[in-house]
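S.K.: Chains A and B, in that order, give the protein sequences.
Counted from 1, the first sequence has number 324 at position 324 by the working numbering; the numbering is strictly sequential.
Counted from 1, the second sequence has number 348 at position 348 by the working numbering; the numbering is strictly sequential.
Here are the simulated DSSO-like cross-link-like pairs (lysine-lysine), alpha carbons at most 30 Å apart as the crow flies:
#	chain 1	residue 1	chain 2	residue 2
1	B	Lys-217	A	Lys-162
2	B	Lys-348	A	Lys-177
3	B	Lys-348	A	Lys-162
4	A	Lys-162	B	Lys-215
5	B	Lys-109	B	Lys-322
6	B	Lys-236	A	Lys-162
7	A	Lys-131	B	Lys-3
8	A	Lys-162	B	Lys-372
9	A	Lys-162	B	Lys-214
10	A	Lys-177	B	Lys-352
11	B	Lys-44	B	Lys-87
12	B	Lys-236	B	Lys-217
13	B	Lys-123	A	Lys-162
14	B	Lys-265	A	Lys-162
15	B	Lys-263	B	Lys-247
16	A	Lys-301	B	Lys-3
17	B	Lys-47	B	Lys-217
18	A	Lys-162	B	Lys-263
19	B	Lys-236	B	Lys-362
20	A	Lys-162	B	Lys-238
21	A	Lys-177	B	Lys-342
22	B	Lys-342	A	Lys-162
23	B	Lys-214	B	Lys-123
24	A	Lys-162	B	Lys-261
25	B	Lys-137	B	Lys-215
26	A	Lys-162	B	Lys-234
Everything labelled a hint here was simulated from the structure, so no lab data went into it.
All values reported here derive from a predicted model rather than from experimental measurement.
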Amino acid sequence: MNKEIISTRQYISMIVMFIVGTTFVVGGQHKIKQDAWIAILVALIMSLPLIFIYGRLLRLFPNKNLFDIFEKVFGKVVGKITILIYTFYFFHLGSLVIRNITEFVQVVSFPETPQFFVALFLGILSIYMVKSGTEVLGRWTEFFLPFILFVLMVTILLSGTKFNFSNLQPILYNGWKPVISNAFSIFFFPLGEIVIFTFLFDSLKSKNSAFKIYLLSLVISSAIILIVYIRNILVLGIPNLSQIYFPAYYSVSLINIGEFIQRIEIIISIVFMLSGFAKISVCLLTTSIGVSKLFKLPDYKQICAPISFLMINLSIIIYSSTMEMFEWLEIYEYYALPFQIVLPLIALITARIRIWSGNLKVES
Amino acid sequence: MNKSFILLFVIIITSTFLLTGCWNYNEVEKLAIVSGVAIDKNEKDNKFELTAEVIDLKSTQVGGRFNSQRIQSDGDTILDAIRNMIKISAKKLYWSHATTFILSENVAKEGILPVLDFIARDKEPRLSINIFVSKEKTAAELLSQQSISTEIRSFEMDYMLLANDSLSKVPEVQVYEFMNDLSNQGISPVLPTLEITLNEGKRTAELGGTAVFKKDKLAGFLTLEDTKFLLFVKDKIKGGLLIVNDKEGESPHVVTLEIFKNKTKIIPNYSNGQLSIDIRTRTDVSIAEEDTTKNYIDEKGRAELRKKAEKYLERNIERVIKQAQQEFDSDIFGFGNTIMRKRPDLWKEIGKQWGSIFPELKINVDADIHIKSSGHILKPIQVGD
Chain A
1 MNKEIISTRQ YISMIVMFIV GTTFVVGGQH KIKQDAWIAI LVALIMSLPL
51 IFIYGRLLRL FPNKNLFDIF EKVFGKVVGK ITILIYTFYF FHLGSLVIRN
101 ITEFVQVVSF PETPQFFVAL FLGILSIYMV KSGTEVLGRW TEFFLPFILF
151 VLMVTILLSG TKFNFSNLQP ILYNGWKPVI SNAFSIFFFP LGEIVIFTFL
201 FDSLKSKNSA FKIYLLSLVI SSAIILIVYI RNILVLGIPN LSQIYFPAYY
251 SVSLINIGEF IQRIEIIISI VFMLSGFAKI SVCLLTTSIG VSKLFKLPDY
301 KQICAPISFL MINLSIIIYS STMEMFEWLE IYEYYALPFQ IVLPLIALIT
351 ARIRIWSGNL KVES
Chain B
1 MNKSFILLFV IIITSTFLLT GCWNYNEVEK LAIVSGVAID KNEKDNKFEL
51 TAEVIDLKST QVGGRFNSQR IQSDGDTILD AIRNMIKISA KKLYWSHATT
101 FILSENVAKE GILPVLDFIA RDKEPRLSIN IFVSKEKTAA ELLSQQSIST
151 EIRSFEMDYM LLANDSLSKV PEVQVYEFMN DLSNQGISPV LPTLEITLNE
201 GKRTAELGGT AVFKKDKLAG FLTLEDTKFL LFVKDKIKGG LLIVNDKEGE
251 SPHVVTLEIF KNKTKIIPNY SNGQLSIDIR TRTDVSIAEE DTTKNYIDEK
301 GRAELRKKAE KYLERNIERV IKQAQQEFDS DIFGFGNTIM RKRPDLWKEI
351 GKQWGSIFPE LKINVDADIH IKSSGHILKP IQVGD
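With these hints in hand, go ahead and build the complete structure from the sequences.
M.R.: Here it is as structure tokens:
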């Protein structure tokens, strides 16, 4: 089997696009307050220990991804169970993302189109993407990330006429408690989801430190999220933000420069779709890799089509309404905790203990 | 190679037929494009009566001007009334281009929430819509008067509001701003109003000042002239005139000043348990018109005019604030909100009793006017013997 190689730059654009992904569609609105922008910075700091864990783990076992590491560290049976759990997490995450996108499309533009069709086209496209391989995905994100950044920045500049800076005040009116709780939500979704990329780390060409790469990607993506959140607050104001489902879309829809540049919110929809698609593809890719590891399949590409169709089906039945989708975000924090922190931490500790006791050999 | 090429070709050709559009497409001639709507409430059976102004696409074939039609319908709720219009129009109404919502006085008095809810919840109307309150008996009659700049009355009302920058006699409030003011603490929302006047003997709609809200219900109206001073406090002045009367002295005269720039600062003061608000305005003006030979252009005259204008502005701002305190009991200036933003610790103490504090609030106004120019005139036009 040929090893697929992607460059650091592609890897980082993949991460940034993944994290930005559906954040603007569903991210953190359920408890957004005055100080959401502080919360993002706090969440960024909170995620430093997390990527430190990942970095150490990946450095102990070079040229391996987390699936291999689990198998090595936990032994055959427990290793397989861990792989199964993670594969399910990525599979489930992929369905959630598909549903987020289809729900967004239904609420803002096509209320009468069945969500299944939007999901189907997204799913088929991501099969094509995954069948083409990690390299293509890397190159695709590298190509589209500048476009996405450009559109986001242009829409932010164009919103400038609607900025109301008094919307940011008062800072920390309710103290640190809501900020910290908001930061936790942002930490688990989207920043903590970076865990998925530890399962693709072996595709990386240059052997830079994983910690540095993750840090750089997290800083870039939190900066994007931060700027867009601040724009939303400045344009819409806090009461509106907490009352509307998709504030990023709405604040762009308010842009009106001299009756000429207006109604450009469809561009932002396209950006949401593109980055959401990148997220779906990454989820499908890792799920396929996980399944192929689980059943010792020679190539993950042969399994991606059935998985994708299962994802689409799960995405249809996973929530019964838009309200449920947003309520799930509150539970997601607790649901994501073992995948993002607990299991990698246990793996790191176990690996350390086993290496120390001489049970586990580490190839250099 | 050749076979797969043909297969690809067939797929591409067939998909152009299969993937031609959305799930259920809407042809433009099957849509009734709404430009604005007037919402009344029938007091007898308590039903909403809606009058939608729809752009008439028939007349566009000739080119030139668009015309508009009106569709009237009623229903128990706003959406019900809108859906009932299908009975008349045979087309589904399309709201994305709506710019104007006009509410009758009793709809505004009963609460504006159902209207806001429709605009924010439905996918078609945009949050940049302008809402007006009608000062006439019904809202619907405003949509059937003479129109000046365009045949479509709702668009004309929208243009009126845009042109208000150099008039500054109505507040410009879009739906999302209104929603923010409504939900925020320590501020009450306002809306522009419309009324009917005579133009060349024909009835036509005109801007009519401010509708003041307390919570979500209409509390009263401010006149056009008073609205200017409201906008001074809210720091929303972009232009407009200040008319300084000098009734005393041997020759009564009027000087008109044009506002170029204004910056208002609101500073809450709290000392010894006594809360007061300082309002400081700094305005750049030019002398735009005078009906006297008295020289206001030289240094001495300028100082005198400046003093008069400052006094005039301070007096009027105080008067409008007093009116809001006593007549409407509604903090349309957002003083409470300013305190919350600038002195959050203080707001935590007094925020709950703001309703009883506001009517008694002490206000100090300090106007600062700078006369920057006097047009083409170096010296007032002199009258010889």
